[in-house]
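Protein chains: 2
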Amino acid sequence: PAAGLAETGDQALLKQARQLFKPLPDNMATQENPISPARVELGRKLFFDPRISVDGTVSCARCHLPQLYGTDGLRKAIGNHGKANPRNSPTVLNAALQGAIAAHWRGDRKSVEDQAVQALVGPPSFGLAKYEDAIAKLKAIPGYLPLFKAAFPRDPSPFTQDNWGTAIGAYERTLVTPAPFDAYLKGNTRALSPTAQAGLREFISVGCASCHNGTGVGGTMYQKFGRFEDYWKLTGSKEPDKGRFDVTKNAADLYVFKVPILRNVVMTPPYFHDGSVTELPDAIRIMARAQLGKTLSDTQVKQIVAFLESLTGKLPENFQTVPVLPTSAFQAP
Amino acid sequence: PAAGLAETGDQALLKQARQLFKPLPDNMATQENPISPARVELGRKLFFDPRISVDGTVSCARCHLPQLYGTDGLRKAIGNHGKANPRNSPTVLNAALQGAIAAHWRGDRKSVEDQAVQALVGPPSFGLAKYEDAIAKLKAIPGYLPLFKAAFPRDPSPFTQDNWGTAIGAYERTLVTPAPFDAYLKGNTRALSPTAQAGLREFISVGCASCHNGTGVGGTMYQKFGRFEDYWKLTGSKEPDKGRFDVTKNAADLYVFKVPILRNVVMTPPYFHDGSVTELPDAIRIMARAQLGKTLSDTQVKQIVAFLESLTGKLPENFQTVPVLPTSAFQAP
Ligand code: HEC
Ligand code: HEC
Ligand code: HEC
Ligand code: HEC
Ligand SMILES: [Ca+2]
Ligand SMILES: [Ca+2]
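For the record, the sequence lines run as chains Y and A. Residue 19 is where the first sequence starts when you use UniProt numbering, and the numbers rise one by one after that. Residue 19 is where the second sequence starts when you use UniProt numbering, and the numbers rise one by one after that.
Treat the hints as calculated values from the structure; they're not laboratory data. Here a beta-carbon is modelled for each residue, glycine too, at the ideal position from N, C-alpha and C. Mixed in with the good hints there might be a few duds.
[Stated by the list, open to error] Only part of the chain A face toward chain Y is listed, based on derived beta-carbon distances under 10 Å: (1) P68; (2) Q85; (3) G254; (4) T286; (5) T339; (6) P341.
[Said to hold, decoys possible] Subject to a maximum C-alpha distance of 30 Å in a straight line, what follows is the list of computed DSBU-like cross-link-like pairs (lysine-lysine): (7) K167(A) <-> K101(A); (8) K148(Y) <-> K267(Y); (9) K204(A) <-> K167(A); (10) K256(A) <-> K155(Y); (11) K101(A) <-> K155(Y); (12) K251(Y) <-> K155(Y); (13) K204(Y) <-> K256(Y); (14) K320(Y) <-> K157(A); (15) K251(Y) <-> K267(Y); (16) K128(Y) <-> K167(Y); (17) K204(A) <-> K94(A); (18) K267(A) <-> K94(Y); (19) K267(Y) <-> K242(Y); (20) K155(Y) <-> K94(A); (21) K267(A) <-> K155(Y); (22) K148(Y) <-> K94(A); (23) K242(A) <-> K101(Y); (24) K332(A) <-> K101(Y); (25) K157(A) <-> K101(Y); (26) K101(A) <-> K256(Y); (27) K267(Y) <-> K256(Y); (28) K332(Y) <-> K157(A).
Just chain Y, same shape as in the assembly (with noise of 0.2 Å):
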């Protein structure tokens, strides 16, 4: 009986989480922004590549590493030049889930196509004064041209930033990491540990859940961090960024942020917005209080340490498998 009314639990909690969460999608390809396998290929090989980059060290790898998981286990982003970054690097793996929101800590970025396109011109970024410059460096590569072309067959001159953000928006619609939790919801409650969720358990009737739900356990909504307490106060970030508002303008944005994916989130330190906190539970304890005004036990904390857990999937074989890339030189005839 004892064993009966777990299961009964289990279902219970099940039915909850389904509620609140889905599992991943194979691509995250949409009717706006479908992708073809031509697209994804060119699009795998311009984000591996740094010599677009105005000093030829930046590709978008250099800021979203495969063996970070996608990020670059820096507190803030750094760029050409060894410019720094006002923000940490979110990882791009999942991250084309949030259509419903804009891109960015801040939400100023359209879509994961417009994000790749502003990064050209982004001054710490690839750091070029203009989209020209762009297009310069691509078509001194011979052997994109054929790929190009390949991508976009109806288009008479293919390079152009718009392909470009179209292409590599295509590739990161591919970056999906199903995770045990994906085949949790899909029914195999054995896919999570008890402690695993116990900790989904609390990770919903504390409250987080309210915040980070839907497919990405987050990337759905805009909240000021720091509801309850400064959020400096209890990450020690030195110059508060404004958030939201510096976009805006508007006073109700003042400290708001996207609330970020959860997914990976083991495997993406350091924490926060500017890369504050190091360690995740210290991220958990700064949430509880700052978000929900609560003070969580060790318990708790690590039973939603061992939840996030579930939520790390492997990485997908064409980010953990580099590209070559076409050379620049003498090609092969």
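Place chain A with the ligands on chain Y using the hints.
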């Protein structure tokens, strides 16, 4: 009979080639530098980990990218804080073959192990002030302790710069890229196209193979760059590098460089110690003039390119697929 003659010619060429070159071994371990799976796996993680460098952006893979065949596509490498390196990044693929002579363009490293140790404190490379800084950074990543212990089981405190070098060296000693030319040397004459075989013939008869020989098709000796003409007049190099002279202060070493290995050379532009030449056919023409006092015909150049293409192997799987690094914060319990 014509076919018979051709075959005889083919066999004579193969015989000649076997006197000058050798197929790649399975790995490049030596008695002095043996390898073990635990060391290779640790070395592979260290090779791809940027968190040990002074600004957290520089790993070996920063300048030796798998997507660019172990090079960076730059004329001269760029390290921490955007600092310029004085020379072009050679590929790490098959680099450990050059045991007999020291590594680097000017021969100022004893082995791949020594190279990896010194990179830690190289000002434009990892940029650390002292080895202790590297050790401290390694210790701060809990996941490395079990890996160092497994790799150096008899070492009570395995975090040392020598073990760093030994592990990375062990990994590098696995990075071989068997190519069509190896199949040819093993007796499969059809592994090389007729044009490539003609190129091999030219490569030998013109005199290239007098310097570029052995398993690496290079990497066996030092030679003056510019025996018949000042090299900078042909390459357009701005400030001529004095080469090995700056290392030995011996007048005979003025403008002397290591004869580089030519394996995968088609994939590793730009060329020469300063990356001054972009196109391989130009590099070949310059070599003939500067080193042999000869002017090659277009056909000769085309054939030699075809031969050099037969030196391109598949990327090693443990290089093209990057390792997942231990996270620096909380470790899964
Ligand atoms: C110099 C470092 C750097 C480079 C280069 C870089 N990124 Fe980023 N990326 C970041 C940082 C930092 C952010 C967060 C920016 C912010 O919120 O202000 C980010 C955000 C993103 C996001 C949004 C993620 C989310 O969950 O909101 C995506 C997607 C992304 N980058 C993909 C790319 C692609 C594709 C490229 C190449 C075209 C690229 N990045 C180049 C550092 C970089
Ligand atoms: C009211 C909304 C809200 C609630 C409730 C909430 N969060 Fe958050 N969470 C956020 C926002 C917004 C951020 C981004 C903060 C920043 O970095 O600016 C965030 C960030 C995080 C991060 C860091 C992610 C990263 O990659 O840097 C973790 C981990 C996290 N939350 C876990 C939790 C947990 C666990 C709970 C419950 C104890 C919780 N959150 C409750 C809104 C919320
Ligand atoms: C900042 C760029 C940069 C970094 C970081 C870097 N290298 Fe290099 N590497 C170079 C350059 C440039 C050379 C040639 C130096 C010279 O000859 O003066 C080189 C030479 C080498 C060589 C000799 C190759 C040959 O054929 O002579 C090996 C092996 C090597 N590097 C491996 C590594 C390893 C292992 C690491 C990490 C521990 C590393 N490199 C870090 C740029 C870099
Ligand atoms: C007398 C010795 C010698 C001869 C003969 C010689 N080379 Fe070289 N080769 C060198 C040296 C030394 C370098 C390195 C020059 C530098 O960059 O400082 C080199 C560099 C090269 C490079 C550039 C490799 C790279 O990765 O940057 C190529 C390609 C090359 N040689 C091909 C040839 C060909 C083809 C021939 C015959 C036509 C030839 N060499 C004849 C000594 C020689
Ligand atoms: Ca992070
Ligand atoms: Ca080169």
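Exercise for the section: Sort out whether K256(Y) lies within 30 Å of K267(Y), counting only the CA atoms. Expected result: Within the cut-off at roughly 22 Å; holds.
Handout entry: Pairwise hint evaluation, K94(A) against K155(Y), where the allowed Cα distance is 30 Å at most
Key = Given pair K155(Y), K94(A) holds - Cα atoms ~18 Å apart, limit 30 Å.
Handout entry: Straight-line alpha-carbon gap K251(Y) to K155(Y), limit 30 Å
Key = 46 Å, violated
Exercise for the section: Verify the proposed pairing of K128(Y) with K167(Y), using a straight-line Cα cut of 30 Å. Expected result: 26 Å, holds
Practice task
Would you settle whether the hint for T339(A) is holds or violated, based on the nearest Cβ-Cβ distance to chain Y being less than 10 Å?
Solution key: Where the cut-off is 10 Å and the nearest Cβ of chain Y is about 5 Å from T339(A), the hint holds.
Exercise for the section: Please work out if K267(Y) and K242(Y) have their alpha carbons no farther apart than 30 Å. Expected result: Within the cut-off at roughly 14 Å; holds.
Practice task
Would you check the hint for K256(A) and K155(Y), treating anything up to 30 Å between C-alpha atoms as holding?
Solution key: 23 Å, holds
Handout entry: Satisfaction of hint between K256(Y) and K204(Y), Cα-Cα up to 30 Å
Key = 43 Å, violated
Exercise for the section: Decide if the proposed pair is consistent with the structure: K251(Y) and K267(Y), CA atoms, cutoff 30 Å inclusive. Expected result: 24 Å, holds
Problem - Straight-line alpha-carbon gap K332(A) to K101(Y), limit 30 Å - result: 35 Å, violated
Handout entry: Given hint T286(A) near chain Y, where the shortest CB pair must fall under 10 Å
Key = With a minimum Cβ separation of about 8 Å from chain Y (threshold 10 Å), the hint on T286(A) holds.
Handout entry: Pair hint outcome, K204(A) versus K167(A) [Cα-Cα no greater than 30 Å]
Key = 40 Å, violated
The structure fails hints 3, 7, 9, 12, 13, 17, 18, 21, 23 and 24 (numbered hints given earlier, in ascending order).
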